[in-house]
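Protein chains: 2
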Amino acid sequence: MTRKQREAKILDCTIRDGGLVNGWDFSAEFVGALYQALSRAGVDYMEIGYKNSPLLHHVPNAGPWAYLTEELIRTTIGEKTATKLSALVDIGRVDERDIVSRDESYLDLIRVACYIKDVDKGIELAGKFHDLGYETSLNIMAVSHSRENDLNEALEQLNDSPVDIVYVVDSFGSLFGKDIEYLVAKFQKFAPNKTLGIHTHNNLQMAFANTLTGLDQGVTYLDSSVFGMGRAAGNCPTELLVGHLHSARYDVRSLLDIIERQFIPLRERVEWGYTIPYAITGLLDEHPRTAMALRASADKDKYLEFYEKLTTVETHGAHL
Amino acid sequence: MTRKQREAKILDCTIRDGGLVNGWDFSAEFVGALYQALSRAGVDYMEIGYKNSPLLHHVPNAGPWAYLTEELIRTTIGEKTATKLSALVDIGRVDERDIVSRDESYLDLIRVACYIKDVDKGIELAGKFHDLGYETSLNIMAVSHSRENDLNEALEQLNDSPVDIVYVVDSFGSLFGKDIEYLVAKFQKFAPNKTLGIHTHNNLQMAFANTLTGLDQGVTYLDSSVFGMGRAAGNCPTELLVGHLHSARYDVRSLLDIIERQFIPLRERVEWGYTIPYAITGLLDEHPRTAMALRASADKDKYLEFYEKLTTVETHGAHL
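Residue numbers (our numbering), protein chains in the order written: chain A, 10 to 329; chain B, 10 to 329.
With the rest of the complex left out, here is chain A (with noise of 0.2 Å):
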């Protein structure tokens, strides 16, 4: 085991992302049985949700994890393990009074998701979840579409700012070791002070493979959900994570268990992982909303049909 994969903490995003494919339709029983599984297996962060504010950010018919309360978190979690537990922030759609003192709650972490061009309002975010006592991260969002100097810029302020983790976000599962390689080393050079982490989309199967390369980089927080469980192509899975750090440190048997129990019939009923139209996305670099829109119609499997579509260019019509 290397001094890096040592150092190396996985975050499980299973409930805030996999929320994103089941509309956040998770039970408090299934919750607290993962936040057990994942203290028995060691890893070092559950998010847990969103706190973002359902008067800013309304989304029909959410479950609870969508806006988390503190009242919520107790009665899930009971009594705390040694793993830590996050929430994710959207810029716009939090609401500041809703989040007290870090002492007063269960929260350890609060990482804000945000695009390039709202890094100032992200890191004022930030800064104020940092002086309640949290520990605070900046997710930038789409980095492959990112422009190269906005980018430089954005990781320099980042450098100087209160945040703790800087994340490297493949938001559209589009990028490669040579990619991850590249951002990690920019990263390190704009913005030194700062640990960082990763967080993947498997779109091209490349999810559990860039965040290795991340690690390998010297990345130190390493984003996952159990069976990958996370948006469309779905995330690193925590399983593959914990069972190659097998250590000491962590022990894949209790993933094992909740995948066998919970996991494979939720699979059953909601979708998640690599299917074409997903790949299809990720090859183009594109967001995976069409490709999303598709699987959830009648053509879900007209994966020709829908290249065509996304790579045709439209000409007719236009007047240039």
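Just so you know, the hints here were simulated from the structure itself, not pulled from any lab data. Where hints are given, some of them may not hold.
Identical copies go unnamed one by one, so any copy, or any two together, can satisfy a pair.
Quick list of in silico lysine-lysine cross-link-like pairs, DSBU-like style, CA-CA up to 35 Å [what the hints assert, rightly or not]:
hint: 1; residue 1: K18; residue 2: K137
hint: 2; residue 1: K93; residue 2: K311
hint: 3; residue 1: K195; residue 2: K93
hint: 4; residue 1: K318; residue 2: K89
hint: 5; residue 1: K318; residue 2: K198
hint: 6; residue 1: K18; residue 2: K126
hint: 7; residue 1: K187; residue 2: K18
hint: 8; residue 1: K93; residue 2: K318
hint: 9; residue 1: K198; residue 2: K126
hint: 10; residue 1: K130; residue 2: K309
hint: 11; residue 1: K93; residue 2: K309
hint: 12; residue 1: K195; residue 2: K311
hint: 13; residue 1: K187; residue 2: K13
hint: 14; residue 1: K195; residue 2: K13
hint: 15; residue 1: K13; residue 2: K126
hint: 16; residue 1: K195; residue 2: K18
hint: 17; residue 1: K126; residue 2: K318
hint: 18; residue 1: K13; residue 2: K318
hint: 19; residue 1: K198; residue 2: K187
hint: 20; residue 1: K311; residue 2: K13
hint: 21; residue 1: K187; residue 2: K89
hint: 22; residue 1: K318; residue 2: K18
Once you've looked at the hints, dock chain B against the given chain A.
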């Protein structure tokens, strides 16, 4: 596109390796349609089956692609395209008298699979095919279990043989990027005269990533199968390789079409791809046969029990 990418050759082994999961129960129409789809996609080789002898290696109820004949290939393929044809043989299971000379054959490449202990026999056999005019490869299986010095010696022997291509084969799907880099460097050092190939399995969702790592390190022949169809966790998906290397030479559309029409219904009847038991044997660097037996049993989703069985040291009854 890098020079290495331009020189890459994709070898689709769907019928041969995929046949291991459905007993080679492919219709001639299916195989013919796949050849046309691979041809339109620009795939360089199609491995159409095994060229073993049914008298030397009887597999109960095996379809005809386990025992290729020239007549079968002729009636299936008709007129050949630019896509070459290959067959795999196993040491001791092939009757050399079944092999006609290349100018009378539909086959272009004969690949010899052997364990390292049989490398002498493998070289001798490949030499005979070479003398008949075929391109030849030797695929050293289970390389993760071979002794370092045995492998080095075998590679030196291969370097002085008429074999054209030497394959790095990750039989157990247990290798990571670092392992591929290490092995390719070793193969290049001890067999510098040979063109290299790589054949991966997807137990740890590393098949595509490892194939790209091989390519990046200088491997030329890249094995893959459509929709990943291959033994147990399957192989590197042809559609991802073609989609990624997309260029004047490769076009993914015919593959999307055949996956949609043929492989989605097929996948509903037979299983391959990432499942937890295959991940477990991959993590433990073991042959997937125990996991294959589990998946064929009523206990197919008893992951924890399976893991405990494979990792518990049996002490009772042992007389040490």
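Checklist entry - How would you label the pair K126, K318 (within, between, both, or neither) given a Cα cut-off of 35 Å? => result within (29 Å within a copy, 52 Å between copies)
Checklist entry - When no copy is named, should K13 and K318 be tagged within, between, both, or neither for a Cα gap of at most 35 Å? => result between (44 Å within a copy, 31 Å between copies)
Checklist entry - From the Cα coordinates, with 35 Å as the cut-off, is the pair K18 and K126 best called within, between, both, or neither? => result Within one copy only: 28 Å inside a chain, 42 Å across chains, cut-off 35 Å.
Next on the checklist: When Cα atoms must be at most 35 Å apart, do K198 and K126 count as within-copy, between-copy, both, or neither?
Outcome noted: The answer is within: 20 Å in one copy meets 35 Å, while 49 Å across copies does not.
Next on the checklist: Cα distance capped at 35 Å. Does K195 pair with K13 within a copy, between copies, both, or neither?
Outcome noted: Both. Shortest intra-copy (18 Å) and inter-copy (25 Å) distances satisfy the 35 Å Cα cut-off.
Checklist entry - How would you label the pair K93, K309 (within, between, both, or neither) given a Cα cut-off of 35 Å? => result Answer is between: at 33 Å across copies they meet the 35 Å cutoff, but 38 Å inside does not.
Next on the checklist: When Cα atoms must be at most 35 Å apart, do K311 and K13 count as within-copy, between-copy, both, or neither?
Outcome noted: Close across copies (33 Å), not inside one copy (43 Å); limit 35 Å.
Next on the checklist: Within, between, both or neither: how does the pair K18, K137 come out at a Cα-Cα threshold of 35 Å?
Outcome noted: Classified as within: same-chain Cα gap 24 Å, cross-chain 54 Å, threshold 35 Å.
Item to check | Homomeric proximity label, K318 with K89: Cα distance no greater than 35 Å | outcome: Close across copies (31 Å), not inside one copy (49 Å); limit 35 Å.
Next on the checklist: Within a copy, between copies, both or neither: which one fits K13 and K126 at a CA-CA cutoff of 35 Å?
Outcome noted: within (32 Å within a copy, 37 Å between copies)
Checklist entry - Using 35 Å as the alpha-carbon threshold, which applies to K187 and K13: within, between, both, or neither? => result both (19 Å within a copy, 15 Å between copies)
Item to check | Within, between, both or neither, where K130 and K309 count as close if Cα-Cα is 35 Å or less | outcome: Neither, since 38 Å and 50 Å both go past 35 Å.
In this structure, the hints that do not hold are numbers 5, 10, 12, 21, in rising order.
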